[in-house]
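Residue numbers (the numbering used here), protein chains in the order written: chain U, 1 to 551; chain A, 1 to 327; chain C, 1 to 322; chain P, 1 to 316; chain V, 1 to 318.
Treat the hints loosely; a few may be bogus.
Residues from chain C that face chain A, not an exhaustive set, calculated with beta carbons under 7 Å [unchecked claim]:
| hint | residue |
| --- | --- |
| 1 | 258 |
| 2 | 262 |
| 3 | 272 |
Straight-line distance between alpha carbons at most 30 Å, and here's what the computed DSS-like set of lysine-lysine pairs gives [what the hints assert, rightly or not]:
| hint | chain 1 | residue 1 | chain 2 | residue 2 |
| --- | --- | --- | --- | --- |
| 4 | U | 161 | U | 150 |
| 5 | V | 151 | U | 290 |
| 6 | V | 50 | U | 150 |
| 7 | U | 209 | V | 50 |
Label-pair ranges, simulated between beta-carbon atoms [claimed, not checked]:
| hint | chain 1 | residue 1 | chain 2 | residue 2 | range |
| --- | --- | --- | --- | --- | --- |
| 8 | C | 130 | A | 321 | 51 to 61 Å |
| 9 | C | 138 | A | 18 | 35 to 45 Å |
| 10 | V | 50 | C | 18 | 51 to 61 Å |
| 11 | U | 171 | V | 68 | 49 to 59 Å |
| 12 | V | 50 | U | 36 | 49 to 59 Å |
| 13 | P | 140 | A | 147 | 46 to 56 Å |
| 14 | P | 213 | V | 310 | 40 to 50 Å |
| 15 | A | 271 | V | 310 | 49 to 59 Å |
| 16 | V | 182 | P | 109 | 37 to 47 Å |
| 17 | P | 109 | U | 36 | 51 to 61 Å |
| 18 | P | 109 | V | 310 | 40 to 50 Å |
| 19 | P | 149 | U | 41 | 32 to 42 Å |
| 20 | P | 109 | U | 388 | 25 to 35 Å |
Hints were generated in silico from the structure; no laboratory data involved.
Where a beta carbon is used, it is the ideal one built from N, C-alpha and C, also for glycine.
Listed below are the residues making up each chain.
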Amino acid sequence: MQTYSPFLRRLLAAAIAAGVLAGSAQADVIAATNPSAIPAQAKARKDTIVGAISAPQGIFNPYLFSNGWDENVTEVIFGRLVGLDAQGKLRAEQAESWQVSKDGLQYTLKLRKGLKFSDGSPFTADDVAFTLTFLHDPAYDGDTDISLAKIKGGDAYKAGKASSVEGIKVLNPQTIQITVTEPGATTLQLIGGPVLSRAWYGRGYQQGKLDELRQYSSKPLGAGPYIYDKFIPGQEVRFHANPYYFAGKPAVPNFIYRITSDATKLQLFQTGETDLEGFSINADNIEQLKALGFANLNIYNSSDYSLIEFNHNKPALKDVRVRQALTYALDRKKLVDVVYQGYGSVATLPLSPVSWAYDTKGVNPYSFDPAKAAALLEQAGWKLGSDGIREKGGQKLVVTLLATKSLFNDALIPIAKENFKRVGVELRPEVSDFNALLAKRKAGNFDLATFRTSGLNDPHDGVARFRSTENEVGYKNAQVDKLINAGNGTLDIGKRKAIYHQLYQVLANDAPLILLANRKLLYVNSSRIGNYKPDVFNGIFGSLPKLKIQY
Amino acid sequence: MNQPLIEFDRLSVQFATEQGVARAVQEVSFAIHAGESVAVVGESGCGKSVTALSLMGLLPPAPACRLGGEVRLGAANLLALPPAAWRPLRGRDIAMVFQEPMSALNPVLSVGEQLMEPLLTHRQLSLAAAWQQAIALLQQVGIARPEAIAASYPHQLSGGMLQRVMLAIAISCQPRLLIADEPTTALDVTIQAQILDLLRRLQQASGMALLLITHDLGIVAEMADRVVVMYAGRVVETGSVRDIFRHPQHPYTQGLLASRPVPGRRLDRLAAIPGQVPSPLALPDHCAFAERCPHARPACLRRQPELQATSHTQQAACLLLNAEEAA
Amino acid sequence: MSDDTLLAVNGLVKHFPLYGGVLGRQTGAVRAVDDVSFVVRRGRSLGLVGESGSGKTTVGRTVLGLHQKDAGEVRFAGHDLHALDKAALRRLRPQLQLVFQDPLGSLNPRLRVGDAIGEALLAHGLCPREALRERVLAVMASCGLGEEHYSRYPHEFSGGQRQRVGIARALALQPALIVADEPVSALDVSIQAQIINLFADLKQQGVSFLFISHDLAVVEHLCEDVAVMYLGQIVEQGSREQVFGQPRHPYTRALLSAIPVADPDARRERVVLQGEPPSPANPPAGCRFHTRCPQATAQCASVVPVVHRVAAGHQVRCHLQA
Amino acid sequence: MSVLSLRLPWRRGQAELVSLAAVGRTPWQQALARLWRNRPAILALLFLALMVIACVAGPWLLPWDLETTDALAANHPPGAGHWLGTDFLGRDILTRLLHAGRISLAVGLVSVVLSVVLGYVLGALAGYAGGWVDGAIMRLADLLMTIPSLPLLIILGALLSELQVAPEQRIYLVMLMLSLLGWTNLARIIRGQVQSLRSRDFMLATEVLGLPLWRRLLVHLLPNTIPTLIVVATTGVASAILNESYLSYLGLGVVPPTPSWGNMMDTANSFVDFQRRPWLWMPPGLAIFATVIAINVLGDGLRDALDPRLQARSAR
Amino acid sequence: MRTYVLRRLLGAIPLLFGASLLIFLVFALTPGDFIDGNINLTPQRAAELKALYGLDRPLWARYLSWLSQLLHGDLGFSLQHQIPVSTLLGQYLWSSFLLALVSLLLYWTLSLAVGVLAAVRPYGWFDRVVTLLVFAAMSFPVFFLCLLLIKWFAVDLGWLPVGGMISIGSNATGWDYALDVARHMVLPVLTLVMLQAGGLTRYVRASMLDALAMDCVRTARAKGLPERVVILRHALRNALLPLIALLGFELPGLFAGAIVTEKIFNWPGVGHIHIDTLAARDYPVLMSFTLLLAVLTIVGNLLADVLSALADPRIRLR
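Bound-form chain U, shown alone (with noise of 0.2 Å):
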């Protein structure tokens, strides 16, 4: 991935940061061969672990960032009430535990006893709801949608009719009721995120007035495993470990964001700059980490999956058959062989294949197919003209593809114009930035367009675009609507998965867009930090507050 241009690569990242710092249940770990190699740079910092991130900006609360990165640096200051385990399972964190009432409508939950941010004072149940009605709050701008949990009385809240919410209930100091209006399978995730401390962020707020809460985002106060010290911007953020994180002081005193850039970061962890680092995986650096001797390796799946996105809204591409046609026509996996290098693999299901939902029987692969894919073409009325493109009524066959440029996008360009044209389609990509792309999508100025999706929590997350009132792109089925509503309303596992795999086979039947690619992820420690064991859900934040330092 350090091939292209690294700004719009953070930028990508940034809309994708939950994904960039996720990582799969189970991790290969290619260990160091040489432990005593490691850079004595690195070996003279005793008590500090340094750790890479891209472009933090300094709005270190967790619901005003508009940056991926700044969120990493929140997950390290603040914690969560409820977490992921590394099969992406709800986790007790904060929270002791929780009760969802049988209608899925009612959510209790308890907190941990003792528990205290980090300067020591109490962290109680009225904190969760003054975070909870703040997020409801008419000037709340950030990028978490609160209204995506159906709190009751949320929407009059925000509107000015209500100064309070009336579901959020504090039963005691301990526990939090919240009652919501439809059921959801990520409702929890939702109210279970970071808590701020109304003692402290809470000063001052009223409702519509944000002002003085947003001072605080350069002053984070948390529960997290480590305390905020300093952003030195462009250059790095300092923590120390906090004595009353709820699982006990981490053991090294002190952590480290080291701001690194893709043209630069493989040099700074060889010269032992920075302990942790994620690469992009592909057999080239997986060769280059591994001489150096004193690196471990590891290796996961990514929650995220990339994409054609069709748009519905062109006559050519109402057609079915049209779609199916494309999609035999792309070899997916010369694209995936040579982007991730044997890390990757073709996605055949909106989903991560670390996913409990994850199940492809009897959904169709779309397996490289030219000859299948011209003899839709055929049956869809597009004729090969002379000069080798089909028309239909005087129509060329000819689309756009939108895309930004990446490494990914410099292999898919050519290999989706050589095969599109082999079936006598013509390929016209344009490249622009990633905010310019989603701008023209959205204007519907496109035939295709290609990205990746954020990282994935829920099976709920990967499908939720098919949904017609959220889709922007014209598609609309009112059986995938009635399957995501049914997989979204109920949190019973087993139901939810009978209900995806329905909807996994409907989808690939109506090929609304064409499923590019899973990849892995690769991150990097240096032996001498211990007990690192990143995950997809977690990315490094599972096992923060367990590192050790070991040489």
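Chains A, C, P and V: place on chain U using the hints.
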């Protein structure tokens, strides 16, 4: 005659150009005695300025420029001096005044600063003494408000004023020879008269020799004791000013004198010299004036004439002077 | 004004504005030409003499319509030159030509001289294209240039030849009047004589000249009439004999006496003027020459002198003549 | 005095000599002769000619296709079949290099032509017309100078994709944008030249001769500005090629799969490729390096040949 | 002189307004805004946020409110960083300035010295070598040069840090801090010097050649002044006049940040955030920064004029 101050002994200067070798000065010999005024007359490109610059060591270094012969100051051959040994002579023993006073002075330095430089360099005066001296010099060249002028910059002064400043700089170290290269060509007639007057007075006061380079025969007649007429890099005639104006021997000198209208003496036509000066890149081996000469004989196209005495104060380089050869 | 008047300049004024201040308003003016009147008669030449800054070049250019006048009148062959529209002025152009001081600078370096001489003939339709070469060669021949020069470029000529080209270019249009602005001062002495002779020849062919020069000897040689300028004004004018023979204005006298004479025995008493000419942006009150005049009186410093006619055709702007 | 005369007496002598020696030659022939004597410049010209020929003819002569990918032949080092090796998609580097040369050179030329036309026309107009026209054009130039070009380029690049410009052509439009910003420098130079030419005697002469306006402009005024134009344009091509590589680095230049020297060099950005596969970035790197040097040397030579007094005042 | 400066200042005012309008239009017309770039938002939420940020208002209203904000000295509030733009720029501007200033001083010194030496003996061996090196340095793509320097000096030789401005976790103060920063600055400064010195050296050389051909230099020699004085006092002072104006033009460059160099060397400069804010369409930052550069350009032009007027008595004493 006593030992000359400066003696040019068969000086030759050649420039290497893209088109070939330009013979700017060839075999030039003449002498300047102490206190004497010598005028070198000729048209542009005849080598008169190059001759003067060779005296100052201001010609470009080899290989762009090759020098031959000798230029003697006393007993020393200046041309053999290393560049470092040149420097103390310049401005102290030999000073020079140029044609365009506006460009010859540095626009970013005040007149006073430029006037003090030679005093500080050659006479090792203190700053204060140099300043005093500079003011005195300005007074000497007839500048009324010397302090104000010393503090001003060249662009604030007129051409005549600047040429006075140039003269002040030139005489600041009491040189034995002053070279004035077309000192009044850029000036108006009334100012020219002032500067020539000044030049004459300064020379009389200090007893320095003057090498005056000019194309204006009027100025020569007024200023010079002796005249050197140059054509195409060579001396074609030399003699006392009266000899030259009364009895010019060389056809070129004669032509020059006849080609100027004389005030008060009306003629219908001037006696113009036909043709033009030959290129220094392609000088003939014979008399360079032959093609333009009204008296040219076939013999003139055969060889280079040598300077020969026509009287005890006058010499000319023309084959016609040898009646038998010319015939 | 008699019938043989070719050019009549009457009360000509030309000021060049000076701008300054924060808002760039006009703060003053260089009074280059202030109330200048003279006449050039057919077949005769007027020499306009003066030092640099006296405004003689500005007079020449204003007469040619290259500068707009500020006041006064320029009548050429009966036309009020500055009242003509552009097209009419263009039609009149061939009649009224200019020869420059710098022969190289006045020729386009990228044009063959034959084309440079012929182009105006074509542009004015004075000569059909077929006959052009003949005609140009004829003009060139009359200026001492041969056929081999036709297709050369200006940089391939010597200074004198270039000036011949410049003259030929003007001459090709068969002008009635040539304004010659210091046409020989950039040339070497031996070449000057050639060009002066060429002018003399042209005069014999009936061309009139407004001959602008600082060189009194050349003016005396070539011009029947002479006007002497000082700081934008004509201080004395008259026939050659009058101005050179009986100069009346102190400035004219000083000018004449300042010319170095090529005769070592002619040591005469010379009037050396003190000081330098004042700036035309700020000319002295009263007589403009009073600051340098050896005969100035108190009156000269305050009262502007009027033009006195001292003889037929001889005019002097001086209080001493009253 | 001759306008060409330099102030040193020996220089003046030489200027005179030049004019006397070169009898019968047009100013252009003279310039050519001067250029011919400048050996480095001629070598540079030769190199550029070879480069152009190779880029134009090369891709037809080579057996490899520009866009066909071959996963089996990915990242091969230089060898018998692929003389300069292959890239990560198995495409032949030499083929891409030469093809990229076409684009990089064309981009350089096109952008320069555009900015030169703009700069020339506006500069000449401002210089000739003077008055409010001059004022307006120069204020516009001042204004454009205040806008840093990079953000504009990024934004304009985005605008272009909005306008549905085909990707192969987009780079030309990006360069057009560069021209829209880059004309000011040339305009200033030309304006100054036109202003000084206008007041030169030979332009006065055209007025006195009563020549029509078109002739005064097209025959007399403008041809004398051509040498400056050529020199500025030549060095402009060099900086345009560098600009292209810079833009491609930022993802704003030529977009893959269309190759350009700039985006091919992008590979050097991967430390692994940088360390271990020099055949990926060395050829385009050397191509840029050598071409830019050659153009600069040629530009220098042209400057000396066309107008010895025109100094190295190229924008940095 | 003072009226001259005042007149120039007055003339700069309409230019500033023009620049502000142009900058606003360019950014306003760019596809995509701060909200569009966030793929995690539902359409409803995106619409709510656009209203919150005022991105749904008409263009002229947005321009006028931006302008009035500016006239009150308020650069606005960064959407992406959630702090005032002035604070944000303050965080990054000075490290860019430091880097640019140090390289400016170095390459001016270098270019002056080399350019003068080359001009004193034009077409000598020194001049030829310098010309060659200058052309070589001018022909390197920036990023390539950066990577090369990192590979040689940081990775292979290990002499210097790969990037950043201070050592990780360093709490050094005073001299230690300065030394640490200096060590980190070596490579980026070297890059910038190599890139910039070439053109300037050519310029100095040309200007010096002009100056050496002046009559007054010949006069200085004729006065018998030492060659060193002739070159440094007479020729160089004249050669510096056009260069001084150039120095004024460097002003905006001091604050613009060297985008690629800063990026590759991880220098916490403003060039670094420039591209990030652009990708995120953080308009308040972008517009303010661009306007800042525009103002600096205008001031730089003014400074160039004033400086050359001060240096040149022909203008100073007009």
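Going through the hints against the structure:
1. 258: holds (4 Å)
2. 262: It holds, given that the least Cβ distance between residue 262/C and chain A is near 4 Å, below 7 Å.
3. 272: holds (5 Å)
4. 161/U with 150/U: holds (17 Å)
5. 151/V with 290/U: holds (19 Å)
6. 50/V with 150/U: holds (22 Å)
7. 209/U with 50/V: Distance ~18 Å between residue 209/U and residue 50/V Cα, so the pair holds.
8. 130/C with 321/A: 51 to 61 Å: About 55 Å separates the Cβ atoms of residue 130/C and residue 321/A, which means 51 to 61 Å holds.
9. 138/C with 18/A: 35 to 45 Å: holds (37 Å)
10. 50/V with 18/C: 51 to 61 Å: holds (58 Å)
11. 171/U with 68/V: 49 to 59 Å: holds (50 Å)
12. 50/V with 36/U: 49 to 59 Å: Between residue 50/V and residue 36/U, where Cβ atoms are some 57 Å apart, the hint holds.
13. 140/P with 147/A: 46 to 56 Å: Holds, since residue 140/P and residue 147/A (Cβ atoms, about 49 Å apart) stay within the stated range.
14. 213/P with 310/V: 40 to 50 Å: The hinted range 40 to 50 Å holds for residue 213/P and residue 310/V, with Cβ atoms some 42 Å apart.
15. 271/A with 310/V: 49 to 59 Å: Holds, since residue 271/A and residue 310/V (Cβ atoms, about 57 Å apart) stay within the stated range.
16. 182/V with 109/P: 37 to 47 Å: With a Cβ separation near 44 Å, residue 182/V and residue 109/P satisfy 37 to 47 Å, so the hint holds.
17. 109/P with 36/U: 51 to 61 Å: holds (57 Å)
18. 109/P with 310/V: 40 to 50 Å: Check passed, 42 Å falls within 40 to 50 Å.
19. 149/P with 41/U: 32 to 42 Å: holds (40 Å)
20. 109/P with 388/U: 25 to 35 Å: holds (31 Å)
When the structure is compared with the earlier hints, no violation turns up for any of them.
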